[in-house]
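Protein sequence lines correspond, in order, to chains U and W. Heads up: the first sequence is residues 1 to 598, going by the working numbering. Heads up: the second sequence is residues 1 to 604, going by the working numbering.
Treat the hints as calculated values from the structure; they're not laboratory data. Here a beta-carbon is modelled for each residue, glycine too, at the ideal position from N, C-alpha and C. One thing to keep in mind: the hints can contain errors.
[Said to hold, decoys possible] Between beta-carbon pairs, the in silico distance windows are:
# : chain 1 : residue 1 : chain 2 : residue 2 : range
1 : W       : ARG439    : U       : GLY118    : 23 to 31 Å
2 : W       : ARG439    : U       : GLU540    : 51 to 59 Å
3 : W       : ARG121    : U       : ARG102    : 27 to 35 Å
4 : U       : GLU540    : W       : GLU370    : 50 to 58 Å
5 : U       : GLY118    : W       : LEU8      : 34 to 42 Å
6 : U       : GLY343    : W       : GLU451    : 49 to 57 Å
7 : U       : GLU540    : W       : GLU402    : 48 to 56 Å
The chain contents come next:
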Amino acid sequence: MKLPLRDGLSLLRRYVRPHARWVVALAFLVLVTIALRLVNPQILRQFIDTATAGGARAALIRNALLFFGVAVLAQVLSVAATYVGETVAWSATNALRLDLLRHALSLDPTFHKEHTPGQLIERIDGDVATLSNFFSRFVIDILGNTLLVAGIVGLLFREDWRIGLPILGFVVFTVWLLGFIRARAVPHWTTWRKLVAEFFGFLGERLAGTEDLRANGAVAYTMRRFFELCRGLYPVRRRSALAGYAMWMSNVALFTGGYVVAFGVGATLWRAGAITLGTVYLVFHYTELLRGPISTMREQITDLQRAEAGIRRIRTMLATTSALFDGGSKHLSDGALSVALDGVTFAYAPAQTADAGASGDATPLAEPTVALRDVHLAVPAGSVMGLLGRTGSGKTTAARLVARLYDCQEGAVRVGGVGVADVPLRELRRRVRMVSQDVQLFRASVRENVRLFDPAVSDARILAALDELGLQEWVCALHQGLDTVVGTPEAGLSAGQGQLLALARAFLADPGVVILDEASSRLDPATERLLEHAIDRLLEGRTAIVIAHRLSTVRRADRIAILEDGCVVEAGDRAALAGDPSSRLARLLVTGMEEVLA
Amino acid sequence: MTALRALLHLIRYRPWLYAMDAVAWTAIVLTELGTGYVAKLFFDWLTGDAAAGFTLTSVIALVAAAGLARVIAILVGALIDIRHRYSIEVLLRRNLLAAVLAKPGARALPGAVGEALNAVRDDVQTVEDLLSWLIDQFSFVPYSLAALAILLAIDARVTLIVVLPLILVLIGARAVSKSVRRFREAHRESTERVTGAIGEAMDGVQAIQLAGAEEHVVAHIEALNRIRLRAAVRDRLLSQSFHSFFWNATTLCTGLILLAAAEGLRGSTFTVGDFALFVTYVGFLTEIIAAFGDFLIHFQQTKVSIDRMATLVQGSRGDVVAHHPVHLTGPLPEPPPLCAGPALERLAIETMTVAAAGSGGFRVRRASFEIRRGEFVVITGRIGSGKTTLLRGLLGLLPIEEGRIVWNGEPVADPSTFFVPPRAAYTPQVPQLFSETLRDNLRLGREVPDEALDKAIELAVLEDDIVRLEHGLDTVVGPRGVKLSGGQRQRAATARMFVSRPELVVLDDVSSALDVETEKALWDRAFAERQRTWLVVSHRRAALRRADRILVMKDGCIEASGRLDEVLQESEEMRRLWSAESDDSERDAHHVPPFPIDFTASGV
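Make a model of the complete structure from these sequences and hints.
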């Protein structure tokens, strides 16, 4: 049988090593517990032999008390083993969780586009939990049970090989037969789980789409489909449940055979005078003791095999590397930085899985489409560049390249005269701050959302930043000020208010370059006014690239570039372009923004 | 209805099946008595205390007979139990699904879809398990009584010494079960915090990377992880010690038997066979008590589960357990035939007030308007002015707080069941597609002839897209339709709406997903269908120009209504909205819109 032992153990070794002492303690506790469980029937035998021989009363009481004491001690130790085992398993796997999280956070957008947050939660938490089960199962159940069974068989051999041998035969046969039946049951269970997953997929979608179902008069049809599915599932369900019962029934039948063996051997040897009555009882008792471990051992081994898939996924994820090589050693100067795109050509890598795009990104699923073609843009330090163009024209892509979310295939992107790949990623991201239009809020206070969990940022600094941006009043109006928890549906922050928080985030970082993707949705006038003011303040004394969705932003720009199908079709000084009636900008200003954005 | 009554009501759903289930499981449990008694006979035979004529062969025959009886009882019990469980499972799921589908669409679920799915999956399972385990508890009663009678007959003193502590343990179990639940809850909450935070971090990975906040986020989650570790260890420790104490109590009880029976064994008034019987039976009795302890804990969880399901259906516990057919056999229910009824002549909305989904305030206040057969009515207004809420109120997807709806002079009692095809059909702003083929998405289970499907596709301007799709209409669109573009999803949903050939077509704003050209084509084709009546939300000029009537919404009220020239004249809001639109039909560099924006004045 193939077990994921090597993979699992090598992964665990790294994370369990810091807790080596506890692991030793755990092993010790498990071993002692097993020994105590093996010793107790021996005390029982002595008790029966003493009693039937009419031995001293005091000796009997002593024996009984000893038995009782050992039972209690085994109890306490097994609870202690649980405590140690759980603590080690959780400490070790939490460390692994954090490493996986750190790793996932370091991967480039291509990876994240192909993996939904749900999948990654499953990877970082779910699969690691399987590993944790693997650990406790392996140490406590499988090793422990195997040792217990081996101990029982060994002790019976010590009594008499004529007892040991038949019982050994019984154990081997039982383990084999239960495994055999289980192997036949597993496909039924797998089929059932697969069909059930599909069934809940159906239900989940219907629950999410009630409005659509009702408005299209499909409710009765949905119920009919539901009954149809339930009826179709029933035979599969019965087969898979019966397969489970088959395990139980064969277990009962096998142990009936076990008792026959124990009684037959015990009676024969006793009549031959080879063993005492106490020993006959010992054989009977040990046979009963075998029941638990043998019937669960197979199950646990199957569970282990299931862990294999999880372990493989964890290793695959750890082996995935970011497409962005972070090996730069040049530095950026303080203050506003110039930005330049020199002959930049870029295409998104084709998405590989069907769930790409679920992140809401506009990247198409098809073969690599060139998003930018030989783009030249220059933004002098301290000036504002307005980027205009239809959806899919490449504005956002250009902005992403400046923040180095991707590396371009041809040409060069420079910030402050330095190629973005030549600067350590962390430094680049500190000096170049991109504010995207779909703002991610965390289920945490306004404070944490603004400082992004950086404990070094004090309330005073946050309030100062909010004040600068003209947002202090807005924050004070929230019912708990900085402590107001946002990021939940109940908090009900609008898209515009989310952008306000994102601007505050960027302002705190004091970057040299700001890349702003304006909210394209219509905002209520009050929020719009706040946003305008905050953006004005944020852009002061900084270089900015603004993906404009509003006329007021175009007004703010020193320079304008219009993109179409990944090419710059017009670029230049805003005032000059606006004054030239044949320019696209002038036309745009006349017909309105809607056309460019359609 | 209390949770207990709800469970009893469930039992009454298939009373005979449940009774048979109980009989079968009692038989399974009683066979255990036989197995234990055989061991006593064996040892009695060894020590010469057995009845005359008893041989090793008879012992072995009895062991085999007891085993066989048990296997047969398990098989019968299994077949009954599987059937009963499944009936209950389908009934509960049916009740949940039907209740959710019967709610006003925009308020069908009280929480997230994930929560609803958990209820449908796990809470149903919990209740179903409880009914099954309850049978075990029933069957334990005759078993315990029989076992006690046998033990008392053998040695009353030893029986009392051993059984009394067992009863104390039983009482202890009740006390501890509560704190087990509390710790379990704390563990679950801390886990949700961690997975929630991981999900947010993965969702917002770009924001985190752009802000260079990776380490801070990791530290934040590390803190949550530490809380979870403590909660998890505490939970496991308590439940494990609780559990292992009960399940290993046999050994402790054996010690008690030894102490109590020492004298009897020495004086041969208590045989080794009696001892074996005591150990076996008392062992079973402790397991019963352990199972009862687990059952009590499970019962607490079941109460929570029933309440969660009641929350999901936004009703009472009685709604959750109501009796309905589950159609496991026989013909499936046929959906009621579509009754067209009299054609729409005149639809009037009178002083309708609707509260917005989720928030407390009213989003539509005292709206009144009228639509006549064949009219094309456009609702326009800014974001948040109440356009969608108005549609949802009309269609019964949100409850109406005040006012009424009149169809051909008859007041509509329940809009949510009235405004369905073929009277009316609706496409929301963000339509939901299902992860099946495009064809199944358009049909939604309805019988649709091919011509009708083609016609609907054409009306929705989807025909070119279908040609380009890999498998045409049979393309599987993936979860939420992700394999289609936003515009394709929108138009697929529009086609789905046309499939039912509604009298009244209600269409929420499509412009966020459609480009100007496509939207124009959509209106062109819609306009050719004058036998229908149209109520659409749009701010595009192509739609506004054609409208027989425009309803201008502002802050939840209809500010103006009339033809384009009328509302432009009448309403400042309308002039503002109109000027913000480009004019796609007359796109021209030299064209001057009726109300140009003064860029020079604003500094450009």
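Can you name, in rising order, the numbers of the hints this structure does not satisfy? none
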